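Participant: What follows is the residue order along each chain.
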Amino acid sequence: MAEAAVPLLSIRGLRKIYGQTVANDHIDLTIAAGEVHALLGENGAGKSTLVKILAGLTRPDGGTLHWRGEPVHLDSPKTARRLGIAVVLQHFALCPGLTVQENLRLAGLDRPDLQRFKTQAARYGLPVPLDSCVMHLSASERQRLELLRCLTQEAQLLVLDEPTAMLGPAESRTFMTLMRQLAAEGRAVVLITHKLQEVLEVADVATVLRRGRVVGRLTDLDAANARDLATMMVGDLPQLQPAPRTPPRQLPALTMHRLSTAAHRDHGVALQELSLTVRRGEILGIAGVAGNGQEELLAVLSGLQRTSPASLLLEDEPCGHLGVAARRTLGLAYVPSDRLGVGTVPSMTLAENVLLTASGMSQLGWVRHGRLAVRTREILAHFHLHQPPQTRLADLSGGMAQRFLVGREISAQPKVLLAAHPTWGVDVRCAQDIIAALLELRAKGCAVVVVSEDLDELFALADRLAVLYRGQLSPAWPMAEVDEHRLAQAMAGLAPTAGIAEHHALAAG
Amino acid sequence: MVLESALLDATARSATPLLLAGAGELVCERAGVLNLGLEGLMLMGAASGFVVASASGSMALGLATAAGAAAGLALLYGLLTIHAALNQVACGLGFVMLGAGLATVIGRDAPGQLPAGVSLGGIPWLERLPGVGHALFGQDVIAGFAVALVLIMALFWRSSKLGLWLHAAGDAPDAARAMGVPVRLVRLMAVAFGGAMSGLSGGYLSLIYTPMWQEGMTANRGWIALALVVFAGWRPVPLLLGAYLFGALGKAKEFAQALGLAISPYALDALPYLATIAVLAMLSRNRFGAPRALARPWPS
Numbered sequence: 001m002a003e004a005a006v007p008l009l010s011i012r013g014l015r016k017i018y019g020q021t022v023a024n025d026h027i028d029l030t031i032a033a034g035e036v037h038a039l040l041g042e043n044g045a046g047k048s049t050l051v052k053i054l055a056g057l058t059r060p061d062g063g064t065l066h067w068r069g070e071p072v073h074l075d076s077p078k079t080a081r082r083l084g085i086a087v088v089l090q091h092f093a094l095c096p097g098l099t100v101q102e103n104l105r106l107a108g109l110d111r112p113d114l115q116r117f118k119t120q121a122a123r124y125g126l127p128v129p130l131d132s133c134v135m136h137l138s139a140s141e142r143q144r145l146e147l148l149r150c151l152t153q154e155a156q157l158l159v160l161d162e163p164t165a166m167l168g169p170a171e172s173r174t175f176m177t178l179m180r181q182l183a184a185e186g187r188a189v190v191l192i193t194h195k196l197q198e199v200l201e202v203a204d205v206a207t208v209l210r211r212g213r214v215v216g217r218l219t220d221l222d223a224a225n226a227r228d229l230a231t232m233m234v235g236d237l238p239q240l241q242p243a244p245r246t247p248p249r250q251l252p253a254l255t256m257h258r259l260s261t262a263a264h265r266d267h268g269v270a271l272q273e274l275s276l277t278v279r280r281g282e283i284l285g286i287a288g289v290a291g292n293g294q295e296e297l298l299a300v301l302s303g304l305q306r307t308s309p310a311s312l313l314l315e316d317e318p319c320g321h322l323g324v325a326a327r328r329t330l331g332l333a334y335v336p337s338d339r340l341g342v343g344t345v346p347s348m349t350l351a352e353n354v355l356l357t358a359s360g361m362s363q364l365g366w367v368r369h370g371r372l373a374v375r376t377r378e379i380l381a382h383f384h385l386h387q388p389p390q391t392r393l394a395d396l397s398g399g400m401a402q403r404f405l406v407g408r409e410i411s412a413q414p415k416v417l418l419a420a421h422p423t424w425g426v427d428v429r430c431a432q433d434i435i436a437a438l439l440e441l442r443a444k445g446c447a448v449v450v451v452s453e454d455l456d457e458l459f460a461l462a463d464r465l466a467v468l469y470r471g472q473l474s475p476a477w478p479m480a481e482v483d484e485h486r487l488a489q490a491m492a493g494l495a496p497t498a499g500i501a502e503h504h505a506l507a508a509g
Numbered sequence: 001m002v003l004e005s006a007l008l009d010a011t012a013r014s015a016t017p018l019l020l021a022g023a024g025e026l027v028c029e030r031a032g033v034l035n036l037g038l039e040g041l042m043l044m045g046a047a048s049g050f051v052v053a054s055a056s057g058s059m060a061l062g063l064a065t066a067a068g069a070a071a072g073l074a075l076l077y078g079l080l081t082i083h084a085a086l087n088q089v090a091c092g093l094g095f096v097m098l099g100a101g102l103a104t105v106i107g108r109d110a111p112g113q114l115p116a117g118v119s120l121g122g123i124p125w126l127e128r129l130p131g132v133g134h135a136l137f138g139q140d141v142i143a144g145f146a147v148a149l150v151l152i153m154a155l156f157w158r159s160s161k162l163g164l165w166l167h168a169a170g171d172a173p174d175a176a177r178a179m180g181v182p183v184r185l186v187r188l189m190a191v192a193f194g195g196a197m198s199g200l201s202g203g204y205l206s207l208i209y210t211p212m213w214q215e216g217m218t219a220n221r222g223w224i225a226l227a228l229v230v231f232a233g234w235r236p237v238p239l240l241l242g243a244y245l246f247g248a249l250g251k252a253k254e255f256a257q258a259l260g261l262a263i264s265p266y267a268l269d270a271l272p273y274l275a276t277i278a279v280l281a282m283l284s285r286n287r288f289g290a291p292r293a294l295a296r297p298w299p300s
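From first to last, the protein sequence lines stand for chains S and L.
Using our numbering, the letters of the first sequence correspond one by one to residues 1 to 509.
Using our numbering, the letters of the second sequence correspond one by one to residues 1 to 300.
What you were told as hints is all true, and nothing was included just to trick you.
List time: in silico BS3-like cross-link candidates among lysine-lysine, alpha-carbon distance up to 30 Å:
#1 K161(L) x K118(S)
#2 K444(S) x K415(S)
#3 K118(S) x K78(S)
#4 K78(S) x K161(L)
For the record, the hints were derived by calculation from the structure and aren't laboratory data.
Computed from a predicted structure; not experimentally measured.
Chain L extracted, bound-state conformation (with noise of 0.2 Å):
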């Protein structure tokens, strides 16, 4: 029992980050604009939410940094991508590096770690609900917002004006505009509610999963991001599943431990990056369910 527990916190804590992510990227390409840059974004988070954090000594503020810091970045990528209708690709590509950039010279002075007591906690009463409870609320409240936030928009998805908003301008822009949806600022919001949660997962790692800065330590998990949302068919619920799936995957090791298999642990380390390129491949054969007019620059 103690054992189940402790490798269902360890899923938790790796498929969080990856939920979050995902999450803004599946509401940003859903309203038709593809942000290849969730790596950086995620890293500008990390950097900006740890070095605020570390000096606040308030793990709130340092996540609302984080979150705050890359949607104002994914606000300059939405408008160049948007409003000044720049090559999507080419343009995520870059973000990439300059939000690592960024992030770099941001957290050039941070501390090694964060000073003592700087935690957010679980929350009291839900972290005793029996299976899933502190997995979920036990350890932070992170985890179980973002599978709060998941749940909420699958509500939402095709029932609120806002979801179908986001449907019509990621599937069809110009009926949208006919139909008197503000198109452009659906997108624009869309991008920075994405750049927001892809913040908030950068921050998670950086002072809940880690905690502490380091260079590069997203470790990939935006691009992870980035296959989830092809993945889950552009939909929130199996969003939800896949980021479990792949995060209980990050944690094949521990799993393997805990059943006692002898395996390399190199090669399970390898699991996620490699299932990533299995669910592409399988993927690519079948675009059901891609918006229309995803990462076509608009109006043509």
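One chain only, chain S, in its complex shape (with noise of 0.2 Å):
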């Protein structure tokens, strides 16, 4: 940890207002070259806000910051860029429909800056194909893209929001090693996130925001605990008490029998004959790194792609070639993974979005309003939530909407229920509130299925694990007999998973 006299960057007394909402309260914060300094906070903290600020996207209503001992106005991201501040948003600054070299071209790089581009992707080991098309590339390759953008237009300031979110455990090792080197080189890294393991990994030093404001500060992260910052985060931390568990029902409640999908398009996964049963009263857990078929499990088991019909049952039901409509009535939820847009319709209200799912809301085809007011209230006083069932969905925050979802989904009472990673993006407190609720489904006998690239998801949810690895199912291992090794070899492919196996079974016959 390099300590230079003047900091990179300071920030003294910043403040941001919209509306009603002070969204950073008088937040100081020193950055200094050479370190990795962990961001953490609730949902609404805060953090987004002053990303933006650092951005130059948004104007603080007070304060200062000084570049190197200088004071700056950051009133557009070319002065931030210009400065040397690179900030590498959640949802990345790309045009899709061009290409990456497009992008860069957008973006200010010239031909010799093209040149050192690749030079840097070489010297930084992170290959990303110059002539494809931006929407053809996985979260990973557009992360690397802006990443290396930055480090080629000279950032001496790296802020990162979220930069995991998205990435299987190994590409999120090879990034901290990255963020690592990049310290090591002199720059300074801001890292914001959820994930306090990943703080503890990588970061010199940490600054916890609450509510706008700065409510702890840790500088030796190797005498800190993951506690601590939890502490601060949450302000206090209920205890975790894991629930008790009675065995699965044998019964089972969703059987895939050799389900197969061809690749759709030129960058998907085909999906190749999956076998599995799900017992009533189990939540079974899909690992894997993204990108290896995960969205086409998904879309092929919420009804949103048909196949055959026997390849799936719902009970001894086939309903392969039902549809999403179909297959809730037989007694299927779903949680898709974009909450927004396909889990709910974020323009219309709460108890619209219970309307469009639920059953028995309305009479001769009029809504019947008073029952849907008060299945809406139910579903929110699940979750402690207060809002009035008329408010619009897009005016919840992210932990609010998903929580929202997750208690639709329930309240359907499912005998499957679908989930991909269900408390992605969420805040500490948000995502106990739902892995309780899925545990408490569970012991009411429903089965669920949970797809996620977080581990520590579901080591919190499943009693089994299987891994998807190229459109392959590795047998689903009960949480006893999951270790790391075994782990880390599926989900890089190194071990023969149940199709390969039988491939190789059939070849030897």
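Both chains are given apart, each in its own frame, so use the hints to dock them into the complex.
Facilitator: Listed below in structure tokens is the structure:
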């Protein structure tokens, strides 16, 4: 950790007010060259506002910024970039319709810069296909692109907003090594994240924000532990009670039988003969690095994509050929990963969002508003949310929207609940609420399938765990049999998966 | 040979207004702004261009006025839809009527026809080019200008900073802004350019094609130009081909006559409109190539 006499960036008394909300309130922050500085906080703690101010996208209402000791006004993205501040936003600042090269040119890279970009890519071992259209790149490729662009533009301060949110464990690890490397080169890295483990591994300093204020700072992170940081974030962390688990019942709730799909479009993954049974009262976790067929599996399980009838059974009803609505009637509920847009309609009210999936809410085509409001309030009350049913969904925070969505799906009393990283991008307390709700559902005899790239989430939930790799599914191991070694092998495709084993058996026979 | 040349001339004359208005709308839509008001802007250009040209006796001044007046009206549209973030469909339809109304007022006392001798003429050298020479450069410079404009656009489309700015503003305005692209300015300029081209297209109709001023004389060519942009998949070269295809359809009567076919002239006159409907129906199934942020108020 290099301690420069003059800090690279020092922020004093920063304020930003949106209408009635104080997003940033007297924030003091000092960032030195050569350090990885973690910025932690729950949803709505003011991290995003701070990031936008640093990017030059939003102007603060008060306070001062000093860059290498000189007062500066970050009045546009250009100014920030010229100083050497580079921000990689969570939703990348890329034009999906243009190629990688065109995006770089748009960001102001000339031909010689492009050459340096290639050199940097080789040096850091971050390959990016230059002629591909950005919409065909994976999340991690887009991130590499953004990062390399910042490095090519000689960024001295890199602000990374939730950089590992969409990366698998192996990719995250590589990424964290890279962050250390950048710090060792004398750059400063500001890491914004929810993941405490990451902070402990990679950061030199951690600053915790809560409700727009700095509530804590830990400089000697070796001595600190996750609990201290979590306590600062939440204020008080309720003791996590491992729910007493009853063994799953033997009755199958969801059966995949040689479930296969063709790869659709040029960048999709084909699912290859997945066979697995999920029993009632069981939570099955499906792990894997992003882009190994998760989207395809969710589509085919939820009914967004149809297959042959017998390849998927709900209890003992063949349902592979049925669409979403028919599967809902049979008792399937779905919490998609895109909670705004796929999971809900943001421009509609909470009650209307309940109406979209609920049955028995209309009579002769007329909406039964009283009944609907009661149901909506029940869903909200389950998670201690107090918004009136007429609130627009778009006005809920990310964590609230996710709890509402999970609550809505649970209220349908499903036989099988399908959930795609249900606690992604929500704060600690909200994640706990959702995990508790899913465990409660399990205890009632519902089968739950959780598809996620976040191992913490899977370990908190699953009874058995299977790994998806290049469209093939490993056997589902009981959690007692899952160790890091086995998991890492399966996720990297080293262990023989069910499909391969079968293939070998066929070849041998 | 004479017959072919005459047909080619006729096609170029009927394609040019479509090409001009289409090229303007293409730039405008690529930047993310849908301007449904083309028809109104064209009428505005037609009336103001005709009045100025007949009063001053200068064709060039007339055409410049046509482009300028429509660009001014388009700027107003831009301020309303980009800066005040009004609904682009409603606003665009409003501008069809506003443009038509203003054109009626402007052209109320217009003379029946242009004074004799008001003309741009061709380009002596280029008109002797074999094949398309006379069609593009022999009658008037505008036909050649329209083709050259679209070819230059194609050249700059994705290989110049300005071209990439257009794409970024229409595709991902948030990302573009984060990359330092002045999104609103790019959009406003694109809308103004679109307006100028529509106005020029209208001026071409009233000063060269017809030449006279009459209410509603654009005969829905603005709507055809809008369809052409979709037909072209928001790309310049297909726009050029499309405009000439539609231009040829517009001259179906002449073609039929030349070939000695006995088909009802009314049916032939309907061809471009039928083709527009067919193209729109076909392409609405596949929005490939459409700017992602087209017609969405921003910032949302």
